[in-house]
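> Sequence order for the protein chains is A and B. The first sequence begins at -17 in our numbering and counts up by one. The second sequence begins at 43 in our numbering and counts up by one.
Treat the hints with care, as some may be off.
To be verified - Partial chain A-side listing against chain B, Cβ under 8 Å, derived: (1) Leu27; (2) Ser139; (3) Gln191; (4) Phe223; (5) Ala232; (6) Glu310.
Derived from the structure by calculation, the hints contain no laboratory data. Just so it is clear, CB atoms sit at the ideal spot from N, CA and C, and this is done for glycine as well.
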Amino acid sequence: MLSTVLEFALILGLMTGLAVLMGKWLTRVFTGNRHALPERGTYRLLGIDPQETMGWARYGSALLLSNAAMMLLGYLVLRLQAVMPINPLGLAAQTPDLAFNTAASFITNTNWQAYSGETSLSNFSQMAVITFLMFVGATSGVVAAAGFIRGLSRSSSADIGNFWVDFTRTLYRVMLPLCVGMALVYVWQGMPQTFASQALATTLEGAQQQLIVGAVASFESIKHIGTNGGGFFSMNAAHPFENPTPLTNALHILSMLLIPSALTYTFGSMLLQRRQGWVFFGTFLVMFIGFIALVYGAEQQGNPLLTEAGANQALSIEQSGGNMEGKELRFGIADSSLFIATTTAATTGSVNAMHDSLTPMGGFVPLAQMMLNCVFGGDGVGFINLIQYALLTVFLVGMMIGRSPEFLGKKIEAREIKLVMLSVLAHPISILGFTTLAALWPDTMASLNNLGPHGFSEVLYAYTSGTANNGSAFAGLNANTPFFNTTIGLAMLIGRFFTMLPMLAVAGSLAMKKTVPAGAGTIPTATPLFMLLVVFVVLVVGGLTFLPALALGPLVEQLQLLSGQTYN
Amino acid sequence: MTTQSLFKGLLRPVLVSAVFFMLLTGLAYPAFTTVAAQLLFPFQAQGSLIERDGLVIGSSLIGQHFTQPQYFHGRPSMTLGADPQDPSKSISQPYNAGSSGASNLGPTSQKLVDQVAARVQAYRLDNALAADAQVPVDAVTASASGLDPHISVANARLQLARVARLRHIPEPELLHLLSQHTSARVLGLLGEPRVNVLQLNLALDARQPSIAVSE
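One chain only, chain A, in its complex shape:
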């Protein structure tokens, strides 16, 4: 127990230190004036003028259109997999609905997978489609945050930067070097990195074992640094080749939190309001610690039904105990819980334990974090989501005390609040709307792996994960059907662009405004009080929106578990 607390403290401490380092670096990437040689070459190749300044609408259009072209390219390669090179196992192309779902999933930084990696993708597709889309999807998120923060930092200006410059720099100066370095550390720890597709072994007892290998380490590094989350293998970061040691597990966790936490520092640096940056960091951290405690407590407690069946779930020096169904022994309860909390906070969606087999309250945590979608959040978008709630807080508090809301010296008016509400509402409308549709859809029952409230949770989880661009799953649900592929694919696109674009518009609108000096009526936002107010608003808005759905899933399941009710 003590070592668990120390471990959590160590990871959170490292995260904080890295947030400062990475935050400083990102600030230089976003604000530097010099273009390096490879960057100048890339601008010439793309045929763009790096000096061009863009308003939010042009910046957003470039983002949207380039993402659309990349998604289309990925879709085409998946459909043509059978005739592409490096496919020694002769895997067939994905069906149209599955290829749409896969391409949408990876360009939106969701990484929901309705396929299993080993049996559905050639090594060529794993690299040219999946690794490629993981890079550009994550980079697009960071770039959106760059434009967004720049918008907040300007006054009386329409310019929020140059999309192509931000994209190229983020890719060259942040993503690629970090990923190459991390991939080599991962190989050292045991991840395969080879052009071969398989190795055949004869086990000690004489059976044949087919070991699938490939470019795993290069995949894992961008998967976590980019808060992507899709697995090379079906069982994702639980697979020993994707996550061979407790050290790689810790590095995965730190990688996921790296950019989302650093952006709060970058924000503070670029606005010359360090304190404000730390207030936002604190907002993330307070919620995160609460969720870690909840999932760790529930999983360590274990499943009373398994104790009745004769399993010993008590923690001792000889075993971690707890609910070990769907968990790996090298991670035990502590490292699995920390990973679960991280992957759904940073909306990565990679899993080192099977979320479908979590206890009801353990499974509540990933669902709730994805519903709130702003506990660190994915690369770039998590920070944008937090500011959305901060604006809402300023507005609500302003209403309560009868003062006109201001944020960072800008007046918050009807236009901004309308855009914020569009972004706030798109999220639950997509989650609850599609879940309702699926609950009514006649074929849904055939896709469920569990019945009763847990079956409902499987469906709710799928649309929450898609809309929040998380990508983890209650993996018992068979989501590879035309209905689920299409609707979850749409949920991912809605969740991504209906929050990102309105919030870019907010940034553009705030950039145009004059900065007014803080008056007596201004609510100070760089204080612990404001931090708690934001947490409060996030929890109240999220709670009011999603509690009824959660009550039908994990909450009722918890009550049934305590009374011993089971489902066939």
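For this one, chain A is given, so just place chain B on it according to the hints.
Positioned in the frame of chain A, the structure of chain B alone reads:
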């Protein structure tokens, strides 16, 4: 801003960036990393393959299915494989590294409860435990990957008497071998104490190349 100026000059960078960044991040990046990894860490880059007498017998990171009583047994595995009778059907094939998999059964699943109860009975029988003995949870629950190479120290210790008896090894000696193959937490904090089953069994075989199993 008019629509025309909004999209002006975007076509070329949009198309070129998609293709160029695919080549860069989708091919050049993994290719460069692979070459570097193969030079620096050739053993790990191939999948940490273990050879015995020139034959690949597995990966030190991937668990294997052990059923014979003179070996330590790994955790239950829910991986599936194609049915040799009818390749269109999937049947249980534990530790199939070609298709990782978990049960994905929820906590209120009767199937899960029944499976665990059956495994508890079998474990007690295999290891001559009392009829009401509590069994370490990792021995009766399926891992996430279906390829978990480790078991807990508690689980290994309960299997120790069986293996010692069948291999005619004094228990203190086997206990010593077990502790040699037990990994502690990284830095005393990360992960859990654990026993790599394949490597422990390899060490047992190395000690006694051919053993006469006596029941």
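> All hints, please: hold or fail.
Status of the hints after comparison with the structure:
With a least beta-carbon distance of about 6 Å to chain B, the hint placing Leu27/A at the interface is held under the 8 Å criterion. At a threshold of 8 Å, the smallest CB-CB gap from Ser139/A to chain B is about 14 Å, leaving the interface hint violated. For Gln191/A, the interface hint holds, since its Cβ comes within 8 Å of a Cβ in chain B; the closest pair sits about 5 Å apart. Here the hint on Phe223/A is kept, as its CB sits about 6 Å from the closest CB of chain B, short of 8 Å.
A least Cβ separation of about 5 Å between Ala232/A and chain B falls short of the 8 Å threshold, and the interface hint therefore holds. Annotation: Glu310/A was flagged as interfacial toward chain B, and the flag holds, the nearest CB pair being 5 Å apart, inside 8 Å.
Checked against the numbered hints given earlier, the structure breaks only hint 2 and satisfies all the rest.
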